[in-house]
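Chemist: Go by the hints and put chain X onto chain L.
So the chains spell out like this:
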Amino acid sequence: MELYLAVLAFSTSLILTALLAEPLIKLLRRMGIVRPDAHKPGNPTVAHSGGVILFLGVTSSLLTTILLAGPSTPLSLKILIMLASGATCFAVGLVDDVKILRGGVKTVLTLLGILPVLVAGVQAPQLIEWGRPVLPLIGRLRITIIYWALMPLSIAGAANIVNMLDVMNGVIPGTSIIAFSALAAASLILGREATLIASLAVLGALIAYYKYNAYPARVFNGDSGSLFLGALIGAIAVVDHMEFIALTLLLPHLLNGFFVLVSFRGFKEHRQIRKRPIQVDNNGILTASTDPDAPLSLTRVILAVGGPSREPEVAKAYILLEAVAAALALVSAWLMR
Amino acid sequence: MRLGRVIAFIGSLLVAAWLGLIAVVLAADLVAKTLREPLRSITGLLILAAFLALAVVVVELLRRKILPRITRY
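Each protein sequence line maps, in turn, to chains L and X. The numbers in the numbering used here rise by one with no breaks, and the one at position 40 of the first sequence is 40. The numbers in the numbering used here rise by one with no breaks, and the one at position 71 of the second sequence is 408.
Fair warning: there could be bad hints in the mix.
[Unchecked claim] Pair ranges (Cβ atoms, derived):
#1 X/R373 x L/L153: 32 to 38 Å
#2 X/L356 x L/T290: 26 to 32 Å
#3 X/I407 x L/V280: 45 to 51 Å
#4 X/L363 x L/T45: 49 to 55 Å
#5 X/F346 x L/Y210: 22 to 28 Å
#6 X/I384 x L/V280: 40 to 46 Å
#7 L/L67 x X/V393: 44 to 50 Å
#8 L/L3 x X/A390: 41 to 47 Å
#9 X/E374 x L/P23: 51 to 57 Å
#10 X/A364 x L/G104: 29 to 35 Å
#11 L/N283 x X/A345: 25 to 31 Å
#12 L/Q123 x X/F388: 32 to 38 Å
#13 L/P41 x X/F388: 41 to 47 Å
These aren't lab readings, by the way, just hints derived from the structure by calculation. Remember, it's a predicted structure, so these values are computed and weren't measured experimentally. Every residue gets a Cβ at the ideal spot worked out from N, C-alpha and C, and that includes glycine.
Looking at chain L on its own, in the form it has when it is part of the complex (with noise of 0.2 Å):
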């Protein structure tokens, strides 16, 4: 395993996500790229799509290592399926962020996200082994008729349950440093060298954005930041046949999602909700709503559980819930041997 690349991976994306956010911030800004931060009194506003920056930062890394491992060596070709669907679904996100999309629009697009790894199945078979993803206790199975039918929700559903997730400020960069630490493990103990030069560069992306979107953000994600990072999720999990680690990571965010897909009866944006599933009062405390008809979220469970607590609480809360999520990937790992 070629571990300089990963840790050249790793450092040109910190370097270069550290430089290019703050000027990034500013020209969104400057741009009238803003949101109200809707749990903070007053609802200040804040600079939106921070997806850039992070797809700035991971894409160069990225292009950077493919260079110099050599373009067309499998482990450069494995890593640019897995960055070409995440900069599809990045691309959907950042149409949203700009020009707002209605929910199932925006889920049926980021469907686009598998097509750069169908091409490659067909191209480069050996490359992919579809419908053979390796699993604990058995090792490989061969599924084909199922893995074929839900392949193309395994980038779309990826980057819909991160993007559902995106409530808070610091949540999805918190938890997602948690995500791609775990994929970065698990990858050494089952020998994944394109899994492992990725997560480190996502990984490096995300710890030098993490204090601009950490509460009070400075900048939100935008669907941008979130699709772009759930689809690369689900690009490696397909590429690298990393499936179930994948999965186990997702169970914070597919517990949200099927919470809130089961209570909302499908896909909806928030501004068509309304009963609310948490409430916000003039301090900023968040409380979870007691009407037994009030949509179900991860959100209304911590605080319902937790009691009354302000956003970084909550934050913190969903960071922990990923590394216990982690844990159970890396026995998954483990079991996989």
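Modeler: Frame of chain L, contents of chain X only:
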């Protein structure tokens, strides 16, 4: 916020969901070893559908019955 309570409650849900996934994997392996295509995939999809149906029932129970009772003020 009582963080320990939150991690214990939702962490248990996460562990239960993970054990559910492991159970689905073992069931899929059993189906793969005993049945041939296309019966194998049809049975696999039925197992997945049953798992989803059970999850929907649990979510509705949590939303309508459990959460309004346990919500702290």
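Chemist: Indicate, hint by hint, whether the structure satisfies it.
Modeler: Right, here's what the structure says about each hint:
no.: 1; hint: X/R373 x L/L153: 32 to 38 Å; result: 26 Å, violated
no.: 2; hint: X/L356 x L/T290: 26 to 32 Å; result: 30 Å, holds
no.: 3; hint: X/I407 x L/V280: 45 to 51 Å; result: 21 Å, violated
no.: 4; hint: X/L363 x L/T45: 49 to 55 Å; result: 51 Å, holds
no.: 5; hint: X/F346 x L/Y210: 22 to 28 Å; result: 26 Å, holds
no.: 6; hint: X/I384 x L/V280: 40 to 46 Å; result: 42 Å, holds
no.: 7; hint: L/L67 x X/V393: 44 to 50 Å; result: 48 Å, holds
no.: 8; hint: L/L3 x X/A390: 41 to 47 Å; result: 46 Å, holds
no.: 9; hint: X/E374 x L/P23: 51 to 57 Å; result: 56 Å, holds
no.: 10; hint: X/A364 x L/G104: 29 to 35 Å; result: 32 Å, holds
no.: 11; hint: L/N283 x X/A345: 25 to 31 Å; result: 28 Å, holds
no.: 12; hint: L/Q123 x X/F388: 32 to 38 Å; result: 35 Å, holds
no.: 13; hint: L/P41 x X/F388: 41 to 47 Å; result: 43 Å, holds
In terms of the numbered hints stated before, the structure departs from hints 1, 3, listed from lowest to highest.
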